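> Start from chain A and add chain B according to the hints.
In order, the protein sequences belong to chains A and B. Start counting the first sequence at 1; every next residue gets the next number (our numbering). Start counting the second sequence at 1001; every next residue gets the next number (our numbering).
Hint data in this document are derived by calculation from the structure and do not stem from the laboratory. Hints should not be assumed to be uniformly reliable.
[Unchecked claim] Just the calculated beta-carbon pair ranges, DEER-fashion:
| no. | chain 1 | residue 1 | chain 2 | residue 2 | range |
| --- | --- | --- | --- | --- | --- |
| 1 | A | 119 | B | 1237 | 31 to 37 Å |
| 2 | B | 1120 | A | 158 | 54 to 60 Å |
| 3 | A | 48 | B | 1245 | 39 to 45 Å |
| 4 | B | 1135 | A | 80 | 28 to 34 Å |
Quantities reported herein were computed from a predicted structural model and do not represent experimental measurements. Virtual Cβ for every residue (Gly too), placed ideally from N, Cα, C.
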Amino acid sequence: MLPFLLCAPLGKCYFWQHIKYTSMPDMNYLNDLVVQVRRDILRQVHKVNSGHPGGSLGCTEFFVALFQEIMDRKEGFHMDGKDEDLFFLSNGHISPVFYSVLARSGYFPVEELNTFRLINSRLQGHPTTHEGLPGVRVASGSLGQGISVAVGAALTKKLNNDPHVVYALCGDGELQEGQNWEAIMYAAANKVDNIVVTVDYNGQQIDGSLDNVLPLGNLKGKFEAFGWDVLEIKEGNQLDAVIDGLNQAKGSTGKGKPVCVLMHTVMGNGVDFMMHTHAWHGKAPNDEQLEIGLAQNPVTLGDY
Amino acid sequence: MKKYIDTGKKDTRSGFGAGLTELGKTNPDVVALCADLTGSLKMDEFKANHPERFFQVGIAEANMMGLAAGMTIGGKIPFTGTFANFSTGRVYDQIRQSIAYSHKNVKICASHAGVTLGEDGATHQILEDIGLMKMLPGMTVINTCDFNQTKAATLAIAEHHGPVYLRFGRPKVANFTDENQTFEIGKAVSLQDGNDVTIIATGHLVWEALQAAETLNEQGISADVINIHTIKPLDQNAIISSAAKTGCVVTAEEHNYLGGLGESVARVLAENQPTPQEFVATQDTFGESGTPDQLMAKYGLNADAIVKASLKAISRKGNG
Chain A
1 MLPFLLCAPL
11 GKCYFWQHIK
21 YTSMPDMNYL
31 NDLVVQVRRD
41 ILRQVHKVNS
51 GHPGGSLGCT
61 EFFVALFQEI
71 MDRKEGFHMD
81 GKDEDLFFLS
91 NGHISPVFYS
101 VLARSGYFPV
111 EELNTFRLIN
121 SRLQGHPTTH
131 EGLPGVRVAS
141 GSLGQGISVA
151 VGAALTKKLN
161 NDPHVVYALC
171 GDGELQEGQN
181 WEAIMYAAAN
191 KVDNIVVTVD
201 YNGQQIDGSL
211 DNVLPLGNLK
221 GKFEAFGWDV
231 LEIKEGNQLD
241 AVIDGLNQAK
251 GSTGKGKPVC
261 VLMHTVMGNG
271 VDFMMHTHAW
281 HGKAPNDEQL
291 EIGLAQNPVT
301 LGDY
Chain B
1001 MKKYIDTGKK
1011 DTRSGFGAGL
1021 TELGKTNPDV
1031 VALCADLTGS
1041 LKMDEFKANH
1051 PERFFQVGIA
1061 EANMMGLAAG
1071 MTIGGKIPFT
1081 GTFANFSTGR
1091 VYDQIRQSIA
1101 YSHKNVKICA
1111 SHAGVTLGED
1121 GATHQILEDI
1131 GLMKMLPGMT
1141 VINTCDFNQT
1151 KAATLAIAEH
1161 HGPVYLRFGR
1171 PKVANFTDEN
1181 QTFEIGKAVS
1191 LQDGNDVTII
1201 ATGHLVWEAL
1211 QAAETLNEQG
1221 ISADVINIHT
1231 IKPLDQNAII
1241 SSAAKTGCVV
1251 TAEEHNYLGG
1261 LGESVARVLA
1271 ENQPTPQEFV
1281 ATQDTFGESG
1291 TPDQLMAKYG
1301 LNADAIVKAS
1311 LKAISRKGNG
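In isolation and in its complexed conformation, chain A is listed as follows (with noise of 0.2 Å):
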C-alpha cells in the first residue's frame, strides 16, 4: 500500500508503542483505536463537566493517523525534537483527542487520562509544556499562535540540515486571527517546505457556523494567492482517506512550497447528536448523554 511504501524504505518509520510487522498499515487496530479514543474524549469532558468534545472528535480519524502512520516519531520524548518529525496544536482546545492519542502512542500512562483538567494535572485545559506533559511542546489555548511557532520549527530543521518534516493542525476559525497570515505569507514567501499545516475545516465555531460568524471566503485560493501547495482531504473522517491525504501532504514537503491540507470534517463526528451543530464545541454531556455516546462507540482497546 502506497502509504506505508513512502516511509518503509527509508527505515525511519518508529511505530512506538504501536508496533507494525507488515508493511500495510493496520487498518483493523487503527479503527479500534479511533473508536477508543471517542470514548476518551467523551470520558475525559464528561468527569469534569468541561472541555471540547466537538473539535475534538472531529480530528480523531487526524491524530490516529499522523501519530501512528505519518509521523516518524523517535522513542520517547525530546522536546528538542531532532532527527523526528513534529506536531504543533495550535487549537489547543482540543486537547482530549491530542491527550488521548498522545497518551496510546506512549508518551505517558493512559491512566493519567483520569487527570484532565483537574487539579496539579499535567493534563491542562489547553496544552502546555509548562507541566512538563511529554508530547507538547509549546503552550496553545490562545488561537493564532501555532502556524508561526511551527514555521519557526521548521526552519531550525532547516539550519540543522535536519530532513523531517513539522507537522501543525489548526482550526478554521482560528484563521481569522491576523497573525496565521503573517506566517503563511512569511512561510511561501521563504520557500519553508519542510512543513504541512492541516486546517480542520468544519465550518463552525463557538458563536455558530463560521459563514454567520466570518467567513473565510476561497480559503483555497486564499492559502494558493499566498503560495502554498494545497491539498484536500474531501472526507476528514474517514481514516483512509486521511492516511492517504496526509501521505499524499508528506509527498509535496521539499518542492519549494509550505503544504496546506484542507481537511473537510464534521463537528462531533462518531456521536450523532453531537454532528452538525456547533453546540458541542465547548459543552460536555451530562450522565445519560454520556451513556448514548459510548453506546454508539464500543469499547475496543479498553478504556483507561
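Chain B alone, transformed into the frame defined by chain A:
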C-alpha cells in the same frame, strides 16, 4: 568620590549591535530575527556576516515572536529585534503564551525605549514596557545604561537559558562603564559609596544619577549610587543594605512610575526595610515629540530632577 569618564557618546543600541556581531562569531546557535528595522537595531553587521542565520520577517511582529519560539526547538537561540513598543505591548499575548509560559529560550531585544526615542512621539515611545515584561512569570528583564554595558549584557543573555527582555535606547549617551566588564544578570553594580541617600538608577538615568551625585557632593551630601541593570530578578540585598545605611532612597528610570523599577524597589523596601522613597519617573503619562534632552527635562528625568528628589527624600528621613 569615584570619577567616571565619558569616553565618547554612543547609543546603547550600537552596544547591542556590537554584542550581536560578536555572538555571531562565537556562538553558532545564535540566530537573529528583525521586523523591518535592521538599521535601527544595528543588526546589519550580523546580517552581512551570517545571512543564513538572519531572518527578515517584515512588519509582522506577532509572527516574529512565534517564529522565535519555534526556532528554539532544535537548539537555536533567537534574538528578536524591533522597537520596545512593538517588542512588548503589540505582541504581549504571543510572548505570554508561546515564549514565557512555554519557557522558550528567546531573547527579546528592544531598542528606542522611553521618551528619548524623541521626535516620532508617543505612538513609538513606550513607558510601560518594564511593567509589562516583569509581570510575566519567568521573564528576565534588563535595562542597560550605556554602550559597553549593553554589549556585555547582549553577550551574557546568550549564556542564560530562558526568556529575556533586553531594553535599550536610541540616542547617543555617555559611555562610561568598563569596556571589558563582565555582565552578571541579577547583580547590582555599586557606582558610588555614600551615606546620606541611596540613588538607584537604571538605563539612561544612570549617567544622570552620577551627575546628580556630584552636585549633591558639592553641597556636602554623599550619595550611594547603585546601577540596577536587571530589574528582574532584582538584587534585593544590594537595595536593603544600602537603604539600611542611608535611610532614604531615590529611584530613577525612563519609565512610568507605575510598574517600573521604582515599584519593584518599593516592594523590597516595604517587605524588608521600610524607607522613605522618591520616584524619578514619568507620572502616568504618554510622551510627545521633541528632542531627547527636551523630553528628559520636561518629564523630570535628568540629574536636576534626581538632585531635587534626593533632597526631598533626605528631608523625609525619620518621618516615614
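> Does each hint fit the structure? Answer for all of them.
Results for each hint:
Residue 119 (chain A) and residue 1237 (chain B) have their C-beta atoms about 35 Å apart, which keeps the hinted 31 to 37 Å range intact. With their beta carbons about 36 Å apart, residue 1120 (chain B) and residue 158 (chain A) fall outside the hinted range of 54 to 60 Å. Here the CB-CB span from residue 48 (chain A) to residue 1245 (chain B) is close to 55 Å, at odds with the stated 39 to 45 Å. Against the hinted window of 28 to 34 Å, the Cβ-Cβ separation of residue 1135 (chain B) and residue 80 (chain A) comes to about 29 Å, which satisfies the hint.
Comparing the model with each earlier hint shows violations of hints 2, 3; every other hint is respected.
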